[in-house]
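Peer 1: Protein chains in written order, with this note's numbering: chain A, 21 to 671; chain B, 562 to 791.
Since the hints were made in silico from the structure, they are not lab data. There may be inaccurate statements among the hints.
Covered, in the sense of this in silico footprint (three residues per stretch, anywhere, with C-beta under 8 Å from a C-beta of chain A), are these stretches of chain B [unchecked claim]:
id, stretch
1, 653-664
2, 676-686
3, 775-782
Just the calculated beta-carbon pair ranges, DEER-fashion [claimed, not checked]:
id, chain 1, residue 1, chain 2, residue 2, range
4, A, 368, B, 764, 40 to 50 Å
5, A, 332, B, 764, 32 to 42 Å
6, A, 368, B, 697, 34 to 44 Å
7, B, 640, A, 550, 19 to 29 Å
8, A, 454, B, 735, 51 to 61 Å
Cβ atoms here follow ideal geometry from the backbone N, Cα and C, with glycine treated the same way.
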Amino acid sequence: MTDPVVPPQPPGEPASVGHTPPVGPTPPAGATSPAGALPPAGQTSPAGAGVPRPDTRSPLSDGEWHRMHPLTPLFRGGLALVIVAGLVISNLRERIIDFFLRAAVPEGPEFEGDTGDPVDFVLRHGLVPLALLAVLVVVIVLVGLFYLAWRFHSFRITGEDVEVRQGVLFRSHRRSPIDRVQGVNLTRPMLARLCGMAKLEVVGAGTDANVKLEYLSTSNAEAVRADILRLASGRRLAEQQARGVAPASKTQAAASIVTDALTGLVLGAEEPVAEPASVVHIPAVRLILSRIFSGRLITLLVLVAAAIVGAIVGTPWILFTIVPIFLGFGAVFVRSLTKSLRYAIAPTPDGVRITYGLFTTVTETLPPGRIHAIEVRQPLMWRPAGWWSITVNRMTGKRADQNGNDQFAEVLPVGDRRDVERVLRLLMPGMPEAEWPLVFEHGILGPQPDDPYTNTPRRARILHLLSWRRNGFELTPAALFFRRGVIRRTLGIFPLARLQSVGMHQGPLARALGVASVHAHTIPGRVSGELHGVDRDAAVRLFADAEAAAVVAGTSDHSHRWGVEVVDVAEPGPDAAAEAREVAPDLARSHDFSRGRTESREVAPDAEGTAVDAADDAARAEPETGVDAAAEAPREAPGPPASRADDGEDA
Amino acid sequence: MTSIPEPGTGPEEPATPAPTTPTGTTPPTEGAGAPAGAEPEPGAAAAESEAAERAVLDAKTFDHVLEPRSENRLPLGDGTWHQLARAYVWVRLISLTALFVVVLAAAAIITALSGETWLWIPAGLVALGAAWTAAITPRQARSFGYQLRADDLVFRRGILWQRTVAVPYGRMQLVDITHGPLDRAFGIAQLKLVTAAASTGVSIPGLTQEAAESLRDTLVTVAESRRTGL
C-alpha cells in the first residue's frame, strides 16, 4: 500500500510551488484521472515521461513530495497526548464537569451533594446532548490537529537529496545529500509494528545529521530504504520499475491502510519482505550467559558484598540497599538482553544489514566503506567459553548526548570464533585471504611463534607488565592492526581508507625507555586508536608508512559510490594492493582497499587510456549510469600522476 | 598560491598535458624539483610562486625547531619545517601577565574587602601556573612546526611531551582561522584544521596573518582537489 500522495500544491504553502519539478504542469492529469493525485509513478501518467531523471524507482522516491503514513501524528506523541488527557480527565472529571455544568445549570443542586457520579448528574439534568457535543468537539479538534500535522509533514527523495519538512507553526525543512549517506536505519517500535508501520532514519555524516522519515508503512519504508541505498550507490534504479504501483484512488488507499493495520494486529509483527539469511545465529542461552558473565556481574557482586559487610559491622539497615541495586542491575540486564535478542547480520548488495531487538526491532544497513574502526574484544570471563564481541566506529548522525546509547556499536554482541570470522568477512570484504591469519591466529589469539606483529621491546616491559609480549601492531596495505591487552584481549582494525590522520606521541618516561605511542585517528566511537609502548624506530616507521598508505587508500577509495563498480573480479591478492599504489585509481577501475574484491575490471596499466578515455569506458561499460558517470568523470577520472606516467610511456 | 610540492602534478589538472611530457615518468614524491624538469615553463612559474609562498610562510618566524636532547626523541625527519611567528611569544607573555595581575589583584581586593585569606590559595595556584607557563613559553613556541608535504600536512609540537600528527589533505573538512584583539595588534592568527576525527587536533597558533591566510587558501584548494570520502 502507499501513502496518499501530496497533491502538487500543499495548501497554504507558496514554497511548494518552487519545489514542484519543471514538469509540474500535471494539473490536467491530476484533475481528470483519479490516479492523477498520485505522482507520475504509473507509466500511464504523462508526467512520467517528462521527469528530468528518466530512471524509474519506486513511486515514493520520484522527486515529488510525499506524505507520511496517516497514523503518524498518533505515534509521534499523539497517542501519549490522548492518554495523558484521558488520565487527567478521569482524575479530575468531577471537578471539570462540575465547573462546566455549573454554567449550564446554575440553579442546580450542589454537585458534591448529589449521587457522586457525574454521569448520573448529566442524565438527571438532561444534559446528554451537551455532553456529547463537548466530546465531539474535543475529538474533532484532536483529529483536526492531527490532520494538520500530517498535512504539513512530507518527504521528498530526489537523485541528490533526501528532504523532510514538517511543523505547522514552526516549519522545519531538512535536506541531506544522498551521496553522503552513512547508513539507513529502519526502526519498528512495538506499537507501530503492530500497525505495520516503521520509522526510517537516514544517517548523515555529522552530529545531529539524521533525516527521519517517521512513520511509513513497513513495505513503503523498505522500498524507500532500497531506493536511498541504490541512489547512494550510484547505480541506476531501473530494476525498481513496476514495483509497488500505488492504489488507484484515495478511498482505496485508505482501505488498504485499514486492511494493513488489521493484518498487522492479527498476524502480529510481520517480517521485512526479503530478509537475507543471517550468517550468525546466537543461541538465547549463550546470549543470556554472556550478559550475566560480564563486567557488570563483578560490579554487582562488589556492591552486594559491600552492603553485607556494612550490615555486619554497621547498621543492618544497609541491607535494604541491596533491593534497589538488584532492581537497577536487573533493568539494565533485561534491556541489554531484549535489545540483543533476535540478532541477525546478513550481507546485502548495499552493505551489511544488522537486525536487533525483541520488542523494538531495529534494522541497520551499513553500506560498504562506512566502517571506520573495528574492535574484537574478549572480557576475561568469556575466555573459557571462547566468546568474543565486535564493536565498530561509524557515523551515527546522532547528537553528541545520544551517542552514549549507541545501539549498533556492538555489531556482534557475542559469538564464537566462527561467528567472529564470518562477521569480520562481512565488514571487511576486500581483505586478501593471505591476511586473515593476521586477524585470528596472530591478532586475536595473541602472540604465537613466528609472530608478524611488532611488539613492545623488552626494555619497556615495565610499562606493560603483563601484556608487553602481546602489545603490538601490524600494517597491511588495507588496514592497520593494533593488538592489545592480555586480561581483556582486544584487536583493533583500522581500514586505511577511512583513517583521518595519524599521530605519534612521546612523553618523558617513554623517551627514557626509547618507545613512543602511535594513534590512529578515526571518527569518535567506542574503539580507541591508541597503541602505547611501541619501539621508537618502529613507531617512526609505522607513522610514515601508515600515513603514506592512508593517502593511497584514501584517494583510491570510491566506496561512497559503491554501486559504480561493475564486474566482480577474482580475489586481488596481496599484490593487487601494491599494484594499486602504482596505478591510478579512476572511475573505470575504482579499486579500493576496503573492497578489493569488487575491483571493477582487469585493466592492464598500459591499456588505460587517458582519463577521458577511461571515463568513456566507464560510461560504456555501464550504460545505465551513463548520465552519472559522464557527470562525474571530469571530476573523478583524472588520476594521480602515476597513471599519467604510464600514459606518457605509451605515448 | 600553492607551494605544495605536487606529486608530479595535481590530480585536478587535466590529463592532456601528460602525453606531451618528454620524460613522463615523474616519481610522485620527488618534491619541488620534479615538475620544473618536466614542464619548464609552468614549472618555473610554480617554483617562483612557491618561493614567494615560502617567503610568506617563513617571514618573521623562528629559524629552527627546538627538540628534546635525548637520543630517543621523535626525529624531525626531512623536509622543511615552517614555524610560528616570533610575535606569538609576546602575545602569550602579555596575556599571561594580564592573567597573573588580574588574579592577584582580584584576590587582594576581595581580601581587603572581606578579610578572607583562604582565597589566596586558589589565586596563588593560578598565578603560579601562569608564571610557569610564561617561563616555558619561549621554548615551547620554538617547538611548534608544520610541513607541507606532497600528500599531507605534518604538524609537531612539544618538547617534554612530543606530538606529531600527519593529516592527508583529502581528509580536511574545514580550515578555521581565529584571531583575538591582542592577536590582531601583533598581526598573528591561529589556524585550526578539522577532520572527521576529533582526536586529530591540529591547531597552529601564532602564524602571521598573511601566512595563515595563504596557508588556508592553499589547504582549501588542495583539499578540494583531493577530496575523498569520509
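Peer 1: Work down the list of hints and note, for each, if the structure agrees.
Peer 2: Against the structure, the hints:
no.: 1; hint: 653-664; verdict: violated (count 0)
no.: 2; hint: 676-686; verdict: violated (count 0)
no.: 3; hint: 775-782; verdict: violated (count 0)
no.: 4; hint: A:368 <-> B:764: 40 to 50 Å; verdict: holds (41 Å)
no.: 5; hint: A:332 <-> B:764: 32 to 42 Å; verdict: violated (56 Å)
no.: 6; hint: A:368 <-> B:697: 34 to 44 Å; verdict: violated (56 Å)
no.: 7; hint: B:640 <-> A:550: 19 to 29 Å; verdict: holds (26 Å)
no.: 8; hint: A:454 <-> B:735: 51 to 61 Å; verdict: violated (39 Å)
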